Each structure stands twice: as C-alpha cells, then as structure tokens.
Amino acid sequence: MLPAGDRSNTPLTHNYSRQPHTHTQTDTHAGAKVATFRSTVDMQKYSDLENAINTLVSQFHSASADKSPSLKTDEFKGLLSSQMPNMVKAIDTEQGMGEVLQEMGVGDGESISFKHFWNLIQLIATKQHGLLSDQRGASCSCLQ
1 MLPAGDRSNT PLTHNYSRQP HTHTQTDTHA GAKVATFRST VDMQKYSDLE NAINTLVSQF
61 HSASADKSPS LKTDEFKGLL SSQMPNMVKA IDTEQGMGEV LQEMGVGDGE SISFKHFWNL
121 IQLIATKQHG LLSDQRGASC SCLQ
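Mapping to my numbering: the sequence shown position 107 is 107, numbers consecutive.
In silico DSBU-like cross-links for lysine-lysine, where the CA-CA straight-line distance does not exceed 35 Å:
(1) K89 to K77
(2) K77 to K67
(3) K127 to K77
Keep in mind that the hints were calculated from the coordinates and are not lab data.
These numbers were taken from a predicted model, which means no experiment stands behind them.
Build the full structure now, drawing on both the sequences and the hints.
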C-alpha cells in the first residue's frame with residue numbers, strides 16, 4: 001500500500017505548483033487517485049520519507065522538457081548531473097551510461113520511464129544500505 005498523502009489512504013505525488021494553497025487537490029495518475037502537494041508549507045505535514053518520495057517524483061518529471069511521462073537520454077543525463085552529481089562522476093563515459101541504462105532495464109533507443117528511474121534508485125539505495133550495514137557491523141537480512 002502506498003503512503004497516505006493526506007492521511008486518508010490517498011497516495012502522494014509530485015508538486016506541480018509552488019503557489020500556496022490551503023487544500024490538497026486530488027488528481028488521477030496512472031489510474032489511481034493521488035493527492036498533489038501545492039506548496040512547501042503543505043509539505044510540512046508529511047514525514048521525511050514521504051517528502052523524499054515526492055522529491056524523487058517531482059525531480060523526474062521536472063527533467064522532461066516537453067512534460068512527457070518519460071525522459072530522453074539527454075534529459076536523464078541532465079537529471080543525474082543536477083541531482084546526483086556524484087553518480088555522474090562514476091558514469092562519465094558513454095559505456096558507463098550504457099551500463100547504467102541496461103541495469104535500469106532500458107532497451108536500446110527506449111526512453112527512460114519513471115519505473116526505470118525507480119530501478120536505479122533501488123539499486124543505489126540497496127548499495128547504500130549495504131555500506132551502512134557494513135559500517136555498523138550489523139547483520140541484516142532484510143534485503144535477502
């Protein structure tokens with residue numbers, strides 16, 4: 001189940017507007033009703049994790065020049081450069097980018113969907129989890 005955006009079982013989505021509103025509007029996204037954030041003031045009622053998810057979705061969609069639901073490779077590179085600059089250093093070559101796109105499940109000539117982007121986030125988060133677990137000496141089997 002998705003997190004409740006307004007605590008009434010309505011999932012979160014991205015911020016389309018920076019103008020303050022006193023209510024949360026409900027839109028349809030991918031067949032599901034979702035609450036949209038209307039200002040950073042509204043976001044204060046959400047947890048850090050909910051805001052992090054909102055940021056991921058918002059940044060992905062804002063990277064699309066034509067408001068398409070998927071990104072062209074150059075738009076995706078721009079997103080990585082601006083929002084994940086340390087990762088860009090690791091994939092600075094065409095071969096490196098090709099390997100990342102392949103790991104994300106992107107086929108040759110295919111645009112990058114949010115699902116592909118989420119695959120990348122999952123890979124990075126899983127790697128980060130492993131690094132933190134190793135640092136703390138914890139033995140966690142939550143990802144097995």
